[in-house]
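Could you put the whole structure together from the sequences, leaning on the hints where they help?
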Amino acid sequence: MWKEYTVTYKSDNVYDNWVHDAYWQFLIIPVENETQKLLEFDFANSIHCINQYSINGFGFDTIKVHPKKKFKQISFEATFKVLKSNESTPNENNFAKIETSLNEINSLNFKIDFERYLRETSLTALPKQNKGIFKFESNTGIFENLLGLNHWSHSHLKYIAGVTNIASTLETILNQRSGVCQDFAHLFCAVCRHNQVPCRYVAGYLNHESGYLGNSQMHAWVEAFVPGSDG
Amino acid sequence: MSNIESQIFSSYQRNPDLYDEIYDSNGNIKDIYQKLFDIYGEHSIQDYINLNSKAKASFFNQGITFQVYGEDNVQEKIFPFDLFPRIIDQEEWDIIERGSIQRAKALNLFLWDIYHDKKILKDKVVPLELITSSANYLDQMNGVNPPGGIYNHISGTDIIKHKDGQYYVLEDNIRCPSGVSYVICNRTALKRALFGVFNHYQTHTVTDYAENLLEQLESVKPKGVDIPNCVVITPGMYNSAFYEHSYLAKTMGVELVEGRDLFVENDFVYMKTIKGPVKVDVIYRRIDDAFLDPLEFRPDSALGVPGLFAAYKKGNVTLANAPGTGVADDKAVYTYMPDIIKYYLNEDPILNNVHTYHCSRPDELKYVLENIPELVVKPVDEAGGYGISIGNRLTKEEIEEVKKQVKENPRKYVAQPIMSLSVHPTYIDDTESFEQRHVDLRTFTILGRDKEFVLKGGLTRVALKKGNLIVNSSQGGGSKDTWVLKNK
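Chain order of the listed sequences is A and B. Under the numbering used here, the residue at position 144 of the first sequence is numbered 144, and the numbers go up by one with no gaps. Under the numbering used here, the residue at position 418 of the second sequence is numbered 418, and the numbers go up by one with no gaps.
Quick caveat, the hints were computed from the structure, so don't treat them as lab data. Owing to the predicted nature of the structure, the values given are computational and were not obtained by experimental measurement. Don't take every hint at face value.
Quick list of simulated restraints, FRET-style, between CB atoms [to be verified]:
#	chain 1	residue 1	chain 2	residue 2	range
1	B	K272	A	I29	22 to 32 angstroms
2	B	K124	A	K131	20 to 30 angstroms
3	B	P373	A	V19	55 to 65 angstroms
Negatives, chain B to chain A, calculated, CB over 12 angstroms [unchecked claim]:
#	residue
4	I159
5	D164
6	Y201
7	N353
8	P410
Backbone N, C-alpha and C define an ideal beta-carbon position, used for all residues, glycine too.
This is the structure we're talking about:
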């Protein structure tokens, strides 16, 4: 089952003084994979600068805008039509046996191949005193452990809008035990990586039956790789 | 006693514990230096003082200066130059040259591997943590194929001669190694001051560096480009090596640009000119990775070019050296060089490595902490001689401070036995006489598509402070002209 979505992104920027030179790089084009297809998109700005389609350092599609005339105000509007598959949620039957999975994630080759998704970053670094805040069970499958982590993180942190910003570290978040979606995602990533499970932060829009959640700030969640699965 | 010893060298004191490059073990002047001694002996010490002043003036007049960061009163300084040259015979140079090329090639293969298949990590020759914990590892370089397959187009290899008479590599510099302009200017200054000495020696030229560099840059042009447009990009006139940037651009006959002179459109790089945009194909960059592109790396960088990395990643422009090369000149990676050479080239290293202790290994950390007075402790990711602690020069308090720093971040430090750098007679202004001073040698190796070249000369750096082992210009070092003889 595939379902069509239309996402609109708007941004309005006003400056006190004339801006003579500026660059924007937008990382907002939905990725295409086996679960979603980009049908069409439109991206425009109020001063009619030409879009430059490029990639960033990690190979994701970007749109760059470099106005060639001065301005005090500029607005952007992007519209994307996306076809999304309605795949069922994975369950433990989709994955390899516990022992096989553990052997795989503990192998050197796996650590090298997935290093990018296992490395601790400034936003996914567990404070020293919190390294063991959530331990994966060795007699339980990785997928089940991830479900457990998801459940635990929602009980450990309280969702409160506006209590953090994009630079908030896990130390702050764990001390105040509250945050927003990006903070939950950072905590989830940190614990996953600490337990050798590769994962990555995802930004996008979430379908909530009656529509989708998020504005220009988008929603955030985590993709984890479970050995023995396709992704 | 020869005439020269009675005049210029009358007060020259030889410490028998040090390896003096001009005297043999019996205290006799080596054959290759004899003629030089005779010629210098024709001058009085006053002549020498006058010649030295002229050489200094020549450097000032040519604008060959540098700055030291972090000093309260930042001033342009000349890189002190010593008129007494260092001579390397053909036989010894052959070892240095082959060794420098061997290292540069091995490092290039290493860089390709760690940004692609990572076989050397999977084969457990180099530990994964060493690479991924390096501040200079650039994730964005994974899977990128640099034009011509070259990462370290220009390598600077720092080599010393130990008291056993053997050459040892202290470190490989493959980010933006500087100093080559001094090699060429030292030769010019010496020719101006003492042209006659060159009539008695068959020395290799050093002025062919620029043409070899340009040839190499052109050889790594992007696909589909016929005659590439090359430029040198500099952080600007306040950079300590600005003279060198402008010198290289001038001698290669290419434009010297700053980030604001370039722009990227549809992933191609252009230079702003009064005749309109001109496409740029190859950039010899003298800007650090972090500042290259504010859209990709440090967003506050005003030195770089927005969009440059995407243009590079798409293969539309060549950057020399490639971004991310710094991971291979990490001083902890250096310790694996013999293994790296063996792994990729199946050869034994031609140049020796100094034994190095990794503070990240618990047993080696223990040894380092217990033996700091006998060791040199170095941060793995600093250049310019910054952060180096020489154990036997430290007070008790300083030793404790070093221990504390190492314990706090063991991965950041390596330690080596204190090597006894060879010494060379060097004219000292304060005493108006020649004294022994420690020297090292930086060689400059160029790799291009099917091209390798080592500048036959290199930069001999002198630690001008008595007993000092750190030769970097930022630490009060000077330099000498370095002659490579065409015959033995």
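Going through the hints against the structure:
1. B:K272 to A:I29: 22 to 32 angstroms: holds, 30 angstroms
2. B:K124 to A:K131: 20 to 30 angstroms: At roughly 26 angstroms between Cβ atoms, K131 of chain A and K124 of chain B fall inside 20 to 30 angstroms, so the hint holds.
3. B:P373 to A:V19: 55 to 65 angstroms: For P373 of chain B and V19 of chain A the Cβ distance comes to about 59 angstroms; the hint holds.
4. I159: holds, 33 angstroms
5. D164: holds, 38 angstroms
6. Y201: holds, 51 angstroms
7. N353: Holds: least Cβ distance 25 angstroms, greater than 12 angstroms.
8. P410: Nearest chain A Cβ is 16 angstroms from P410 of chain B, so the label holds.
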